[in-house]
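A.B. asks: Chains as they are written, first to last, in the numbering used here: chain A, 1 to 435; chain B, 1001 to 1299.
Quick caveat, the hints were computed from the structure, so don't treat them as lab data. Be aware that one or more of the hints could be misleading.
[What the hints assert, rightly or not] Once the Cα atoms are required to be at most 20 Å apart in a straight line, the calculated SDA-like pairs of lysine to any residue come out as:
#1 A:21 / B:1130
#2 A:109 / A:51
#3 B:1089 / A:328
#4 B:1246 / B:1216
#5 B:1106 / A:81
#6 B:1089 / A:227
#7 B:1089 / A:18
#8 A:11 / B:1196
#9 B:1110 / B:1126
#10 A:4 / B:1255
#11 A:11 / B:1089
#12 A:19 / B:1125
#13 A:421 / B:1039
#14 B:1069 / A:3
#15 B:1128 / A:3
#16 A:11 / B:1105
#17 B:1087 / A:3
#18 A:4 / B:1128
#19 B:1070 / A:51
[To be verified] Anything over 10 Å on all C-beta distances counts as not near chain B; from chain A, calculated:
#20 4
#21 16
#22 20
#23 61
#24 83
#25 146
#26 224
#27 228
#28 233
#29 260
#30 400
#31 419
[Unchecked claim] One-sided and incomplete, this derived list gives chain A residues near chain B with beta-carbon spacing under 10 Å:
#32 8
#33 385
#34 409
#35 413
Idealized CB from N, CA, C, for every residue including glycine.
Here are the chains, one letter per residue:
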Amino acid sequence: MVSKKLIAVIKREYIVRLKTKGFIIGTFLFPLILFAIIAGSIVLSMKNIQEPKTIVIIDQTGVMYDEFVKQLSDTLSNGEPLYHFTRQDIAPDQLETVSAQLQKRIIAKEIDGYLIIPQNVLETRRAKYAARSVSNFLEMSQFSSTLSRIGANIRLEKLGISPEKIRKEMDLGRISLDTPKITKQGEVKSSTEVNYIIAYILTFFLYMMLIIYGVMIMRSVLEEKTQRITETIISSIRPFELLAGKIIGISALGLTQLLVWGIIILLPLAVGVSFITQFSPDVVELFSYIKLVHISLLTIAFFVFFFVLGFLLYASFFAAIGAIVNSEDEAQQLQIYIMLPIIIQYLIFFTIVQNPESSLAYWTSIIPFFTPILMLARMSVLDPQIPDGLWLSVVLLVVTTYLTIKISAKIYRIGILMYGKRPSLKEVYKWVRYY
Amino acid sequence: MNVLTVEKITKSFGDFYAVKDLSFSINAGTMFGLLGPNGAGKTTTIRMIMDIIIPDTGTISVLGNTSPKKKSNLIGYLPEERGLYRKMKVMDLLCFLAELKSMNRKSARKEIDSWLERMELGDWKNKKIEELSKGMQQKVQFIGTVVHKPAVIILDEPFMGFDPINTMLIKDILLEQKKNGTTIIFSTHLMENAEKLCDEIVIINKGQAVLSGKLKDIKNNFGRKNIILEYEGDDYFLTSSPLIQKYDNYGNYVEIHLTEKANPQQLLLEAIKTATIRKFEIVEPSLNDIFIETVKKSE
Chain A
1 MVSKKLIAVI KREYIVRLKT KGFIIGTFLF PLILFAIIAG SIVLSMKNIQ
51 EPKTIVIIDQ TGVMYDEFVK QLSDTLSNGE PLYHFTRQDI APDQLETVSA
101 QLQKRIIAKE IDGYLIIPQN VLETRRAKYA ARSVSNFLEM SQFSSTLSRI
151 GANIRLEKLG ISPEKIRKEM DLGRISLDTP KITKQGEVKS STEVNYIIAY
201 ILTFFLYMML IIYGVMIMRS VLEEKTQRIT ETIISSIRPF ELLAGKIIGI
251 SALGLTQLLV WGIIILLPLA VGVSFITQFS PDVVELFSYI KLVHISLLTI
301 AFFVFFFVLG FLLYASFFAA IGAIVNSEDE AQQLQIYIML PIIIQYLIFF
351 TIVQNPESSL AYWTSIIPFF TPILMLARMS VLDPQIPDGL WLSVVLLVVT
401 TYLTIKISAK IYRIGILMYG KRPSLKEVYK WVRYY
Chain B
1001 MNVLTVEKIT KSFGDFYAVK DLSFSINAGT MFGLLGPNGA GKTTTIRMIM
1051 DIIIPDTGTI SVLGNTSPKK KSNLIGYLPE ERGLYRKMKV MDLLCFLAEL
1101 KSMNRKSARK EIDSWLERME LGDWKNKKIE ELSKGMQQKV QFIGTVVHKP
1151 AVIILDEPFM GFDPINTMLI KDILLEQKKN GTTIIFSTHL MENAEKLCDE
1201 IVIINKGQAV LSGKLKDIKN NFGRKNIILE YEGDDYFLTS SPLIQKYDNY
1251 GNYVEIHLTE KANPQQLLLE AIKTATIRKF EIVEPSLNDI FIETVKKSE
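Hey, can you work out the whole structure from these sequences and the hints?
C.D. replies: Here you go:
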């Protein structure tokens, strides 16, 4: 039977924080910001931010201009052509003077740039585009590939081969690669990219919970200590129950937040798919990706398992720190020691997701402090194949979590009644031994 | 009826004994003083009674119960280190404290309401703790100590930090609770309060009991007597008598501390040789005297 006192603590921790402005704002503002970003990017993609450009072309070959203009007939959203090309024919010895004139016109903003296609371009394979801005690399590569295509066509025609024929044959010869996974269940259609994204999302939630709510638990312990509340409370309830109540209450708060975010984010997505797809065809592609998601029940079960154990492991650490220190400042100094393993695993996260079967992945993911995030990441990438060392890591994680909770509870029990100077590691060790 | 029994409890921290082999028992309806100088082990003893610290050896029972769960509901505890959740409303906070003592919310509310009225905090019940003055917060905390009608109330240095008006209020409530049969234990190093309130005391020093029993008996049995003397004439006897250990002379009025085992009658004989005695009174030693004497002797 769960004790009534424990429930009272859980309720208090949960309700007091639920009512804070910070929580309410965080819970509802985060999805709103997310929506604003998505909506903003959709609006931006609908509205063409490109401005029409005026470009002067000096085509010394005399044969490439028409084709170039034809191929670059992109239009703006209002139907106007994007590029206004003007052809300027010059005598070869005029090039430098004309260039100088054009440069002046660029500075004066009469034109945006000029392109020089030298007569011997097919031999030198170099053309020149000078402009006020050459940082739009998409545009630059488009210019370059258009020129290349025209150049190739000319060369092919010289050899008496029809470029259309060649292009057709190349298209017909194109071969794409299917990438099914081989598992015990046989071949599974999947996409590594999608599983990669899933791994990222799952671990990101865990990561965020560990940090935000771990720190909240630490603060909660610290508040009772600095406000001298602890002794009143633990004269009525076992310290272990108080700690348990805190962790359960605060993690319930975290789950509430996740739930609210989930509903706010997914609901309009589910209702408004057709609406959104009207505006942004990219989303259709996204939905076809989601069909490729293949996450087995085992991975979902392990997500929950790692979530709970990882949270317990880190939460008890945070609680112990809250019990040892006397102020927020001291807490922040010690906090780094817990943040470090959390941050380190994010540094190796990407390497491991790309090589989930490497020995680096194996060894790091069986370290209990890394297991919840890294093993989960490996699992979701390899899914439904079970990563090496999974069961070993589970055993290690369970044992470590159990020991950590036991030691932390002891430190907590003593620490919450100790005021004054922050104890050294040696003193903390004494607490664990003697009390 | 025996309400609280402390039997041979010992607690050491490394080589240091905070409490050693301490025993005492308290009857129902007693006002009991746990006295001792700073660092004597009073708070450690109380924390062991509250199961906050676990003794190395020995047992503590409350109404025959030794299980922490049962004990905690029978006791109301006001620690020396006091504080409340600053962001909580008075009513919510007191309900929470009552729930921690296994009260249900409904009866807790009723009880809290009547206590708040009594403490003149009725208008504040939906205010946050941080909006209350220090004195009000102390009253709230006191309500939290007694709201579940405990059989035993334990107060660690209760008069520290209370203003005189609150001290009076709390003293009255304690006496009233005592009349209803509640056992009250408080620790203090201020003897004045203990002397006026306590029926029984234990004085501890360096973790060990050095004196215990009914205050009346202790005073009667205390070897040394004090004498108040009003006189006229030569006070030569004050300086010459070997019976006197210490005196406070106010001219015609003198308070005299006799040496141990000195006979007051002997002093009277010496005094009348040089002075006219108008008043000669043998008085009980003050608890303060007993305390100082006992603690010094035990060192």
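A.B. asks: Against each hint, give a clear statement of whether it holds in the structure.
C.D. replies: Verification of the hints:
1. A:21 / B:1130: With Cα atoms ~17 Å apart, residue 21 (chain A) and residue 1130 (chain B) stay inside 20 Å; holds.
2. A:109 / A:51: The hint holds at about 13 Å.
3. B:1089 / A:328: violated (24 Å)
4. B:1246 / B:1216: violated (24 Å)
5. B:1106 / A:81: Outside the cut-off at roughly 77 Å; violated.
6. B:1089 / A:227: holds (16 Å)
7. B:1089 / A:18: holds (15 Å)
8. A:11 / B:1196: violated (43 Å)
9. B:1110 / B:1126: holds (15 Å)
10. A:4 / B:1255: violated (59 Å)
11. A:11 / B:1089: holds (15 Å)
12. A:19 / B:1125: holds (18 Å)
13. A:421 / B:1039: holds (18 Å)
14. B:1069 / A:3: The given pair, whose Cα atoms are some 10 Å apart, holds under the 20 Å limit.
15. B:1128 / A:3: violated (28 Å)
16. A:11 / B:1105: holds (13 Å)
17. B:1087 / A:3: violated (25 Å)
18. A:4 / B:1128: It is violated: about 25 Å lies between the C-alpha atoms, which goes past 20 Å.
19. B:1070 / A:51: Cα-Cα ~80 Å, so violated.
20. 4: violated (6 Å)
21. 16: violated (6 Å)
22. 20: The claim breaks: residue 20 (chain A) does not keep its Cβ more than 10 Å from every Cβ of chain B (closest is about 8 Å).
23. 61: holds (79 Å)
24. 83: Its Cβ never comes within 10 Å of chain B, the nearest being 63 Å, so this holds.
25. 146: Consistent with the label, residue 146 (chain A) stays out of reach of chain B, its closest Cβ about 66 Å off (over 10 Å).
26. 224: For residue 224 (chain A), whose nearest Cβ neighbour in chain B is about 8 Å away, the distance does not exceed 10 Å, so it is violated.
27. 228: violated (3 Å)
28. 233: violated (7 Å)
29. 260: holds (22 Å)
30. 400: holds (26 Å)
31. 419: violated (8 Å)
32. 8: holds (4 Å)
33. 385: With a closest approach of 49 Å, the residue 385 (chain A) hint is violated.
34. 409: Violated, about 13 Å.
35. 413: Check passed: Cβ of residue 413 (chain A) comes within 8 Å of chain B, closer than 10 Å.
Consistency note: the structure conflicts with the earlier hints numbered 3, 4, 5, 8, 10, 15, 17, 18, 19, 20, 21, 22, 26, 27, 28, 31, 33 and 34.
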